[in-house]
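Line by line, the protein sequences are chains A and B.
When we follow this note's numbering, the leftmost residue of the first sequence carries the number 1, and every step to the right adds one.
When we follow this note's numbering, the leftmost residue of the second sequence carries the number 1001, and every step to the right adds one.
Source of the hints: derived by calculation from the structure; they are not laboratory data.
Among the clues, some could well be false.
Label pairs and their calculated CB-CB ranges [stated by the list, open to error]:
#	chain 1	residue 1	chain 2	residue 2	range
1	A	306	B	1099	31 to 41 angstroms
2	A	306	B	1061	28 to 38 angstroms
3	A	50	B	1233	33 to 43 angstroms
Using N, Cα and C, we set each Cβ at its ideal position, and we do this for glycine too.
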Amino acid sequence: MSRAIEFLFRRKGGKGWHWTDIVTWVWLIVGLFVMFGPAVWLTASSFKSPAALAEFPPTILPYVTQKVTVEGYDKPLDLYTVTLEDGSTATLAEVRRIGTVSQMVDPAKPAEIVKVNIAKRTPIRQMSFATENYTEPFTHFDFVRYLWNSVFVTVTATLITLVVNSMAAFALSKYEFRGRTFAMLLILATLMVPLSVIMVPLYSIVSALGLFNNLWGVILPTVATPTGVFILRQYMLTIPDELLDAARMDKASEWQIYWRIILPLTAPALAVLAIFSVVWRWNDFLWPLIVLSRKELYTLQVGLSIYSGELNVQWHFILAMTVVTMIPVVLVFLFLQRFITAGIAGTGLK
Amino acid sequence: MADVSRQTSQSQSGQSLGDIAMVPVRLAMGVIDAPLRWVQKTFGLGGMAAFFLLPNMLIFGIFVLLPFFINFAYSMTGGTALFLSDRSFVGADQYTRLFDCSNYLNPNTCAEDTFWTAVSNTGWFVILQVTLMIGVSLVTALILNRDLRARSFWRAVFFFPVLLSPVVVGLIWKWILQRQGLLNFGLFGFGFEPHVWLNDRNWAFAATIGVSIWAHMGFYTLIILAGLQAIPRDLYEAAEMDGTRAMRVFTRITLPLLMPNLLVVIVLVLIRAVQIFDEVYVLTGGGPGTSTLFVTQYIYETGFAAQLRNPGLAAAASILMGLVLVVLTLMQLGLSRSSEKKGARK
Chain A
1 MSRAIEFLFR
11 RKGGKGWHWT
21 DIVTWVWLIV
31 GLFVMFGPAV
41 WLTASSFKSP
51 AALAEFPPTI
61 LPYVTQKVTV
71 EGYDKPLDLY
81 TVTLEDGSTA
91 TLAEVRRIGT
101 VSQMVDPAKP
111 AEIVKVNIAK
121 RTPIRQMSFA
131 TENYTEPFTH
141 FDFVRYLWNS
151 VFVTVTATLI
161 TLVVNSMAAF
171 ALSKYEFRGR
181 TFAMLLILAT
191 LMVPLSVIMV
201 PLYSIVSALG
211 LFNNLWGVIL
221 PTVATPTGVF
231 ILRQYMLTIP
241 DELLDAARMD
251 KASEWQIYWR
261 IILPLTAPAL
271 AVLAIFSVVW
281 RWNDFLWPLI
291 VLSRKELYTL
301 QVGLSIYSGE
311 LNVQWHFILA
321 MTVVTMIPVV
331 LVFLFLQRFI
341 TAGIAGTGLK
Chain B
1001 MADVSRQTSQ
1011 SQSGQSLGDI
1021 AMVPVRLAMG
1031 VIDAPLRWVQ
1041 KTFGLGGMAA
1051 FFLLPNMLIF
1061 GIFVLLPFFI
1071 NFAYSMTGGT
1081 ALFLSDRSFV
1091 GADQYTRLFD
1101 CSNYLNPNTC
1111 AEDTFWTAVS
1121 NTGWFVILQV
1131 TLMIGVSLVT
1141 ALILNRDLRA
1151 RSFWRAVFFF
1161 PVLLSPVVVG
1171 LIWKWILQRQ
1181 GLLNFGLFGF
1191 GFEPHVWLND
1201 RNWAFAATIG
1211 VSIWAHMGFY
1221 TLIILAGLQA
1231 IPRDLYEAAE
1241 MDGTRAMRVF
1251 TRITLPLLMP
1261 NLLVVIVLVL
1271 IRAVQIFDEV
1281 YVLTGGGPGT
1291 STLFVTQYIY
1301 ETGFAAQLRN
1311 PGLAAAASIL
1321 MGLVLVVLTL
1331 MQLGLSRSSE
1341 KKGARK
């Protein structure tokens, strides 16, 4: 451990510390906590019972007060360590509390009530992970449905995005035809038309096509992304035309050229677009919120926002569902992050 | 190409699961091939180009271009009907209504007061958020550009929230800023009373700025970092030999050479800030009152969520926002082109 720290802090060249070094390390360490902290805190909270969530000050790990069933009482009672008047300590269960006096019983002698000042007792706490926060939404809510809807939208939209955009990119990079510049400009221009500008008329078109309250109404407007066409076209331009000519000599059809030569060679760019598309579609919110008004069609994002906006927020379920919603993105972050960062640094597009 | 890959897959023992999964796809592609050969024979290469372009253009046309043009027609109609054909023409009434104001600086004097509240909120948001975002991202990029151990790890640290969904971002912070939340817990340690941050107009507004910076700064840091890494190293080496102070190196070398890149980033942040919606909608829902209501939420609520929908008014407002965005996007394209030219000259 100390060697790891020494490795991290050792300066290249072994020169002394400058004020910029101090700023650097303070910034990085604070950044580490500020960037990861909130998500970690949320995850830790998601394992707490509703009672533990309402506590202030909160604990980091999920603790609950130990309970015991005592003869003669319907509900399980909270267990406390009590300092008695003679100075000895005992483990007692609380029956009720009146002002600063707590009425307690010894679980072994349920008939005898002992009165104790509340300052003299401390609850016995044990760590307990409230996994029912995770399991219950799967049975009580339409959570499985939301999950399935999100997965369906993400996977379908990504597949269509890859096919449709790679076909367009192929045409725009490997064919000379009238109107090519116009088509490029048209695609470029759509960068200027974000959803927030066209959502009213887009809604009417989607409704006219019968796609309101339909997952396809969420999928179709998103699949022709200008970003996708650009990434793929830039990549295809680097594929030598001689390869295509050679295939044509061998009587390959244009479709075969696209499918057997261009697509396999564009695999790295397709992978980048696929990663982007999965993150985009999984995270989409405003458009699904508009198109989907029936509960059983909600995606995870819409379902979460609706449930968290209710008057009586069931935070223990919301937190757990949020963690589940984060999982795919965290996986992408852990394993595919460098493709995304390379893609952004290369194209400047998100 | 294909032959080589087939040989290697045969040399391995048996077929992999991926190959088996590809069988129906291969079949489908083969079946499509026959009619497409006919298309190619009949219409030539131009016909094939059209075929490849068609699906994309169709989707663009129906879901981007058509709504874009219909939007103008929409903004000139009134009533609550959804389809354009059922709506009555009202001319520029919706625009007149939006601009009906005796004092533009005081939303209460306007006919459509929520619109002007949203505009003024968005204005303040853009000014504050863009300034802070650029500052924070620039400092982070400068730090990541230093001789760091494990630089890719630290870059990833700041990039992490970028991937989170706006809903998740909103919920994470709603949870931290609530009464029993982490922030109050931290301040409690210093003897502060718990505070319900999101119920306070000013704190809620500050929270929208802070949260949106938290969520997106990693993205801009990455672009600025790419710009920093393009600055030739020998300039810094020369400065070091001359014993130039760090601050002076920054103002005389780093900043001027980074400027083209930085300008593009500023416009990019501006474009995003003007459209802010998702995180804020989940975090505050525009409240308390209308203190965090922004233009996109105004459009959404006027067009879809309000009791009395008014799609025409929403369309008019969205066109006004679109105008701002077009100006910003043209600026961005102009800037990135001029920075490319500069790069080419170098």
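Hints versus structure:
1. A:306 to B:1099: 31 to 41 angstroms: For residue 306 (chain A) and residue 1099 (chain B) the Cβ distance comes to about 35 angstroms; the hint holds.
2. A:306 to B:1061: 28 to 38 angstroms: Because 33 angstroms falls inside the window, the suggested range holds.
3. A:50 to B:1233: 33 to 43 angstroms: About 57 angstroms separates the Cβ atoms of residue 50 (chain A) and residue 1233 (chain B), which means 33 to 43 angstroms is violated.
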